[in-house]
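Quick mapping for you: the protein sequence lines, in order, are chains A and B. Everything in the first sequence is counted per our numbering, starting at 1 for the first residue and increasing by one. Everything in the second sequence is counted per our numbering, starting at 1001 for the first residue and increasing by one.
It is worth saying that the hints were derived from the structure and are not from the lab. Treat the hints with caution; some may be incorrect.
[Stated by the list, open to error] Computed list of lysine-lysine pairs in DSBU-like fashion (alpha-carbon distance at most 35 Å, straight line):
id	chain 1	residue 1	chain 2	residue 2
1	A	K183	B	K1288
2	B	K1187	A	K431
3	A	K563	B	K1451
4	A	K516	B	K1498
For clarity, every value in this text was computed on a predicted model and none was experimentally measured.
What follows is the residue order along each chain.
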Amino acid sequence: MSNAAVIRKLLKYLKGSRRYLFLSLILAGVTTALTLLVPILTGLAVDGMLGENAVNMDSVVKVIVIITVATVVTALVQWIMNIINNRVTYTVVRRVRDEAFNKIQSLPLSYIDTHRTGDIVNRVISDVDQFAEGLLLGLSQSFSSVLTIIGTLAFMLFIDWKIALLVLVVTPLSFVVAAFIAKKTYSMFKLRTETQAEATAYIDEMIAGKNVVAAFGKEDEVAACFDEINTRLNLATLDAVFYSSITNPATRFVNSVVYALVGLAGALSSVAGGITVGALSSFLSYANQYTKPFNEISGVVTELQNAIICAGRVLEVIEAESEKADNENAERVGSERGDVKLCNVSFSYDKAKKLIEELNLDVKKGQRVAIVGPTGCGKTTLINLLMRFYDVDEGEICLENINVEDLTRQNLREGFGMVLQETWLKSGTVKENIAFGKPDATDEEIIEAAKKAHAHGFIKRLPKGYDTVIGDNSGLSQGQKQLLCIARLMLVKPPMLILDEATSSIDTRTEIRIQKAFATLMEGRTSFIVAHRLSTIREADVILVMRDGKIVEQGNHKTLMAKGGFYKELYNAGLNKE
Amino acid sequence: MKKLFVYLKNYKKECVLGPAFKLLEALFELFVPLVMASVIDKGINGGNTAHIWQMIGVMVLLGVIGLVCSITAQYFCAVAAVGFSGKIRTKLFAHIGRLSFKNSDNIGQATLIARLTSDINQLQNGVNLVLRLFLRSPFIVFGAAIMAFTVDVKAALVFLFTIPLLALIVFAIILGGAPLYKKVQSKLDAILNITRENLTGARVIRAFTAEKAEIARFEENNRQLMARALFAGKITALMNPATYVVVNLSIVYILYTGAINVNMGTLSQGEVVALVNYMSQILIELVKLANLIITVTKAVACGNRISDVLDIKDGMETEKSDDTSDAMVEFRNVSLCYSGGENSLSDISFKVKKGQSVGVIGVTGSGKSSLINLIPRFYDATEGAVLVDGRNVKSYTLSEIRSKVSVVPQKAQLFKGTIRSNVAFGNSDATDEEIMEAIRIAQAEDVVNAKGGLDSEVGQMGKNLSGGQRQRLTIARAIAKKADILILDDSASALDYKTDYNLRKSIAEIKDATVFIVSQRASSVMNCDMIITLEDGAVAGIGTHKELLESCPVYEEIYYSQYERGDFNE
Chain A
1 MSNAAVIRKL LKYLKGSRRY LFLSLILAGV TTALTLLVPI LTGLAVDGML
51 GENAVNMDSV VKVIVIITVA TVVTALVQWI MNIINNRVTY TVVRRVRDEA
101 FNKIQSLPLS YIDTHRTGDI VNRVISDVDQ FAEGLLLGLS QSFSSVLTII
151 GTLAFMLFID WKIALLVLVV TPLSFVVAAF IAKKTYSMFK LRTETQAEAT
201 AYIDEMIAGK NVVAAFGKED EVAACFDEIN TRLNLATLDA VFYSSITNPA
251 TRFVNSVVYA LVGLAGALSS VAGGITVGAL SSFLSYANQY TKPFNEISGV
301 VTELQNAIIC AGRVLEVIEA ESEKADNENA ERVGSERGDV KLCNVSFSYD
351 KAKKLIEELN LDVKKGQRVA IVGPTGCGKT TLINLLMRFY DVDEGEICLE
401 NINVEDLTRQ NLREGFGMVL QETWLKSGTV KENIAFGKPD ATDEEIIEAA
451 KKAHAHGFIK RLPKGYDTVI GDNSGLSQGQ KQLLCIARLM LVKPPMLILD
501 EATSSIDTRT EIRIQKAFAT LMEGRTSFIV AHRLSTIREA DVILVMRDGK
551 IVEQGNHKTL MAKGGFYKEL YNAGLNKE
Chain B
1001 MKKLFVYLKN YKKECVLGPA FKLLEALFEL FVPLVMASVI DKGINGGNTA
1051 HIWQMIGVMV LLGVIGLVCS ITAQYFCAVA AVGFSGKIRT KLFAHIGRLS
1101 FKNSDNIGQA TLIARLTSDI NQLQNGVNLV LRLFLRSPFI VFGAAIMAFT
1151 VDVKAALVFL FTIPLLALIV FAIILGGAPL YKKVQSKLDA ILNITRENLT
1201 GARVIRAFTA EKAEIARFEE NNRQLMARAL FAGKITALMN PATYVVVNLS
1251 IVYILYTGAI NVNMGTLSQG EVVALVNYMS QILIELVKLA NLIITVTKAV
1301 ACGNRISDVL DIKDGMETEK SDDTSDAMVE FRNVSLCYSG GENSLSDISF
1351 KVKKGQSVGV IGVTGSGKSS LINLIPRFYD ATEGAVLVDG RNVKSYTLSE
1401 IRSKVSVVPQ KAQLFKGTIR SNVAFGNSDA TDEEIMEAIR IAQAEDVVNA
1451 KGGLDSEVGQ MGKNLSGGQR QRLTIARAIA KKADILILDD SASALDYKTD
1501 YNLRKSIAEI KDATVFIVSQ RASSVMNCDM IITLEDGAVA GIGTHKELLE
1551 SCPVYEEIYY SQYERGDFNE
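Sequences and hints are given; from them, build the entire structure.
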């Protein structure tokens, strides 16, 4: 994304704050005017002190009172201006983050599956932070800088327009210098940001796999590997920080040359009888004030440059392509549902490698479908398609004879209850987690669901029972987490079920009890089950035997065993005859 | 925070030279008015055009010297700041790698990541700015005060009042701001965590159509973050206006007393101007300082959070112990209690001989993982002793004990790289034959074939592999390590029965290895030489399958619960 494009997009976020920006501009004008006024007033006061017994106390006191009032007003206005600038900045930041987060909810799963979590998190959190810093600096300094330039220029033109023109012509030199350095350092900043992202992704992976690293005693090697990235990061950072920090001295040098030129022109003109000494000295002091903002602006330019790169990164997430939008005239399926049909479905993650091809399946309401096959044969892919985490490449999946792509995703998904092998709980209380799919559930309903999932017992033993806060590192075992995931499902009682190794981490005694609860739940409900438990599989109405992404056999236990094919082979191995 | 300064140690030279060149530059800046005064006095008033040209030349020269000094200063400051933060990053990363499981569980992944990334960046900015400007500002402030005293001692006394007051304001705002920014940061951590969760749990969230609820949760936290940031901003934004008022009121005071003194003839008009100018100079410096304050307070808060992590002591020290044992693994009256709460394991004793296979079975939460976690010393036993190969585990260094034990954890975790780099993770010298052998034992040959050989890519955290594929590669990884003790912690959960069966059969063929198999499935452990049955963290029975069926009701119940429908034909 080009800088101009990023800026254009950022302006959109500022739109809502137009009134505040306008107010900030006015306040900046007031402070600048008052700040420029105080030296003049001081001068007036000094002018009133001609010497011994020649001081006009009345006029001095009058001026002093005005200075005092001006000072207090300036301070107050400045404070309010700062607060407004903060508000504008944080409002934009909040909006950008909200939008990025909203985006995450509509990103296709393929995007999430193929991007590093740490990288996306980095964009939403620290990139936005850096962007905020740049924006705040830009806001708080650019207005008053510009106004100071205009104010002092006016005074200078008033004193001697010829020398003022000289200043006017020469000063932009510092802009040229700043722009030159900014251009040269852009690629350095970019390299730095990229290396930073690489480091973050590595950090993310290694912290997630920390226990494995420790188990293999590889802490030193991993640290050495990080060192290598870190060294590159340091070099890139040093380049970016140092070269960009030349901007300030360079522009200040230009300014001191301007100052010298004004001195030269003024002095020569004065010798020739043009400008007076007094006028020259005030001219010089204004020339000094005039160039100061240029320094600030060039500093701001460096910051802004970095801010724009960071903003560009988060905008990339915000503008990533969303899932195909739901059909506008989407049809609706009620909660009474259960017929699922797959017609000639083909799908693959990697278009170069075919996975599911020409798959046909007809499931009637209330049927139990078991999906079996060796590890990694594509069982989970089928679930990805049923839930529309991914869309089919060819063919169609119909629910109640309606193509699922003609339904809203919400309408489709609310009909499925899903428990996956990989447990995911959000950080929050046990209660919040169980009520995840039904936030308005009563405590009784929640406890009821927990009891059905046989999770009530261990929850009671947690330090704060149902109000215990859990999350990523809750100290719960995989099995306990899985029980909570099941409780979460038991509460919603969806018309259809998807169980993908839902009980793989639960002990067999508990599992059997849960199976009973599932069996009751599955009564009259269509269910898709990926499982290893032979009894579960045997009782299924339809068994899909998958191998290498294809359904190689389809039927019930009896017919498949009679057939004596791959299913029989798997089944016998499962029986553990030794 | 203070403790972090040791990482500046190698940059002493830069830390001195950077600010020194900065001061030099400031000094040259102070000469400029004197030169200009000479232009006015000798050049203009004396009508000496040559002198004017000369002095302007001197001014340009001063500018060049200033430029050189300043760029030199920027360089040293950048080297020190970047080097400093780089050192901390390295140190912190290594430190986090060594945190005990207990401590890293407590802190949480998201927080650790934030410490290593955004916090260190902020700290770097802070150090760079402090080096560049924090010395310069006091230098100018005190310099101006001293110059004021040379003008007129009595009139300059007001500086003695103004400067401490300014210092007070500056420090009050810094100190008052720090805790506020800490609060801002904790909210930032919260939204970081929510963002992470929503990426890792995207499937579940969408399945429950909880997107809107999650958005609401994020937006609420994001709103609170903004409120806290605004409040913190309000306080730090006081800095500029407050110092402006103090300085200008001092000027007013100088003007008023100046006027009286001038009237009495004890002070000249020019001297009043000089005093006012010095006071203004202080103000200009303070404005610069105020702009730094926000960055510095944030940096201090970040530095403190980094120190907090670095300060965590693990207590996993190597200890002397005279305990001996003739077994490969022995537990002597071992109890374990995680931070507070009830015992997770109590009074466990058993002995395992070299080459034996041990099954560990029990219901969820019975302490199976806790038990095996003590063998590689992931945690320390609270009571009793764990002995490996004849010695107390506490007498080994962590790297010694970990090289003796190979673990397949419950959660299959792979790293970005290739299949080869992942399988050879614990044994970088492994030959291709050894790697393939481990893969064969782990029943993962088809994974290698499907992906296209040992050098095929593995994505971050193994995202491009299915759960079962990941699990088998983690098993291969543990086998390739060729440790004395191999532990499979319920690590076949994603495998179907057939693969699981083949896996156990081939593992049994590994020579000399002492194997622990933790499982929920009786079928996974029934052929082990010894089966430890756990209930509520205590031993319910130890023995072979046959012995336990007769003597241990807990084992019997587990076994028959699994096979009650007669799946198993004896």
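Hint check results:
| no. | hint | in the structure |
| --- | --- | --- |
| 1 | K183/A to K1288/B | holds (26 Å) |
| 2 | K1187/B to K431/A | holds (22 Å) |
| 3 | K563/A to K1451/B | holds (32 Å) |
| 4 | K516/A to K1498/B | holds (25 Å) |
Hint check: no violations occur; every hint is consistent with the structure.
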